[in-house]
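Undergrad: Just so you know, the protein sequences line up as chains D and L, in that order.
Numbers given in our numbering equal positions in the first sequence, counted from 1, plus 3.
Numbers given in our numbering equal positions in the second sequence, counted from 1, plus 420.
For the record, the hints were derived by calculation from the structure and aren't laboratory data.
Watch out, some of these pointers could steer you wrong.
Distance windows between CB atoms, simulated [unchecked claim]:
#1 L/Val-700 to D/Asn-47: 49 to 55 Å
#2 D/Leu-149 to L/Phe-528: 42 to 48 Å
#3 L/Met-834 to D/Asp-94: 53 to 59 Å
#4 L/Gly-515 to D/Gly-176: 40 to 46 Å
#5 D/Leu-25 to L/Val-440: 46 to 52 Å
#6 L/Arg-618 to D/Arg-90: 26 to 32 Å
#7 L/Met-834 to D/Arg-90: 49 to 55 Å
#8 D/Phe-22 to L/Leu-507: 51 to 57 Å
Calculated Cβ distances over 10 Å to all of chain D for the following chain L residues [claimed, not checked]:
#9 Phe-436
#10 Leu-463
#11 Gly-515
#12 Phe-528
#13 Ala-665
Given the structure is predicted, the values throughout are model-derived calculations rather than measurements.
Where is the CB? At the ideal position from N, CA and C, for every residue including glycine.
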Amino acid sequence: MTRWLSAPMLTIEHLTMRFGGLTAVNDVSFSVGRGDITALIGPNGAGKTTLFNCITGFYKPAQGRLALAREGVARTQDVEALTLSGRRHRDGLYLLERMPDFEIARDAHVARTFQNIRLFSGMTLLENLVVAQHNMLMRASGLSLLGLVGWPRFRDAEKAAVEKAGFWLDKIGLMDRADDPAGALPYGAQRRLEIARAMCTDPVLLCLDEPAAGLNPRESAELNDLLLSIRAELGTSVLLIEHDMSVVMKISDHVVVLDYGKLIADGTPDEIRHDPRVIAAYLGVEDTEEAAQVLA
Amino acid sequence: MSPSMSITRALREAGFAGLVAAGLAFPILTLGTEMDQSNRLVLEQRWSWMAIAAGLVFVGRFLVLAFARKPARAAPHTGARVLSPALAAALPRAGVIALFLFPMVMLFWLGPQGSLKWINNYGVQILIYVMLGWGLNIVVGLAGLLDLGYVAFYAVGAYTYALLSTHFGLSFWICLPLAGLMAASWGAMLGFPVLRLRGDYLAIVTLAFGEIVSAVLTNWSDFSNGKAGIMSIPRITFFGLPFNANENGFAATFGLEFQAIHRTIFLFYLILALALITHVVTLRLRALPVGRAWEALREDEIACRSLGINTVNTKLTAFALGAMFAGFAGSFFAVRQGFVNPDSFTFMESATILAIVVLGGMGSQLGVALAAVVMVGGTEVLRELTFLKQIFGSSFDPSLYRMLLFGLAMVVMMIWRPRGLISSRAPSVFLAQKKSVSGTHVQEGHG
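So here's chain D without its partners, still in its complex pose (with noise of 0.2 Å):
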């Protein structure tokens, strides 16, 4: 059995998102297997990137249960415990579609990029990546407060964050340009420093949406690089939203695809090439030989 069966960090049941009469998303259900990278695909406008945020939060879904647990598996009968108690979360399960965006990073450790880049341009690749980890920080500082006065566990923690965002610069190739603004770098570089800034808020999960738009193919092939390293060293579960099917192909365990808000196929990349339905829903066309080819 599939990981995202047997053991599945992420379950979505019957999402629903409407924004006055559209139904963006419509009764979608699947899950994300624990340390999977799992690829969400589909034409313009299929609703991936609502579906991102119904789970990161920035949206309230008009139906549906996600449920996420940070560590094991969400298994059927806690969520259903977790639901009825109507609490948002317990013992490291979490009800994100309870939970306001800011919460879901901070205590569910779910953590993503956005499709146009939101980099902080003013701020240094250091700062940016210091201010990723402001709660551990907050913490450490006593809400800035013992900060205020020089608290020596404040430095420590300080400098540890310094240190790990030493350690994604290195990791994403920008380590000379630490101290550069990081609206100063280009286009390439600035996508690779948004998931070095989201992985500084050590996730379970990151969601990243589109991360290979806009790179020539060196860049494609060092993305597909970093995104498996980062599953590979830490763990960490990878969702993402692609077009580009060389990176889909090579990196996903697990594809899920949607059209006109609904889900038409979910599977390994073998099964989800040669499914008819998606190759007519993705390219629109009947010539299924041509789009075939594509998705090869």
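Got chain D sorted already, so can you dock chain L onto it with the hints?
TA: Chain L alone, transformed into the frame defined by chain D:
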């Protein structure tokens, strides 16, 4: 691109500018009302004024077009420096030392009578605005929240001291922290419901709050004594020793001859200390998580939320802290004047403080201080220009042209340095080398 246009084209464009000037001057300059002997208003026509205005614009525009070099359009001066880095680094320290010596130097130079004006009108007055500018800088410059009603917190501070001291006889030194606390809690109280708003909406609500506070102070006479204000507020004491000629006064205790200037000098050092506290706290907070979160909030609020930063709390702390410093400044204002009424807390004050922050360069402590010196010092200098009376007649009052000059300064700044005097930003943490960030990358905030 040639450095100058052809003469005919310049003449044509200058003629057009002259026509526009004539059109604008007609209602403003040409038509005027005068009171005649029987106190009736009569319409006066001053066609020569219009001709002079149009002629000046024509000649000026022609000279600029025909002979001035065209600036390169491609590169706006947003990243350029006004000060060299070495000077910018040395200026704050030199400034603080100069400020500490200022009253003493003035006293020895001009004597107790002559120095009073300098220490009071220039020193104390400018420092109040430096402190208010620094306080508002937390809200506007760092957190990027446009606050048009900052003077409300200044008023809360002033009335806190005025009311507590006149009704309950509390001393200034007890009221000072209370005024800060009071203003901070009003800041939080206002902040809590409105900080969900963003951009223009937040600006309008803060503007309304400023007006509400001023309206309440004007109309709730039982509480604030209305327009008449609160008089005979107890004056400052030297930690309990009054500045008077009595034998238990400050002068007698220290074996000095009694002089009114002692109090002014003490007030100067007090506001200097308060302003420096504001500055040091702001500097330290910038390097702490909450300060970095303010700046991140200014840069991108949605990204902040995606990183787990509680943006409502972050905005609230900025709002409350900014308000607290305004509260301190307000209680200082009350103890200095000995009298408060709502006229001191109009929207004009908010606008002046905001102008100081914007002119100085949002977020820059040095820029804000320089802008306060220029704006407030400039107003005082205008009062000094009495020789202009000899040119324009005795009814000419140069300080009436304050607003005109403000407006002009704003327009010039917008063209020359749209991001304020000092637009670069110093990073709060660095790995290898501290490089200042050019203003072109820094966002201005939208919440």
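Undergrad: Enumerate the violated hints, using their earlier numbering and listing them in ascending order.
TA: Those not satisfied: there are none.
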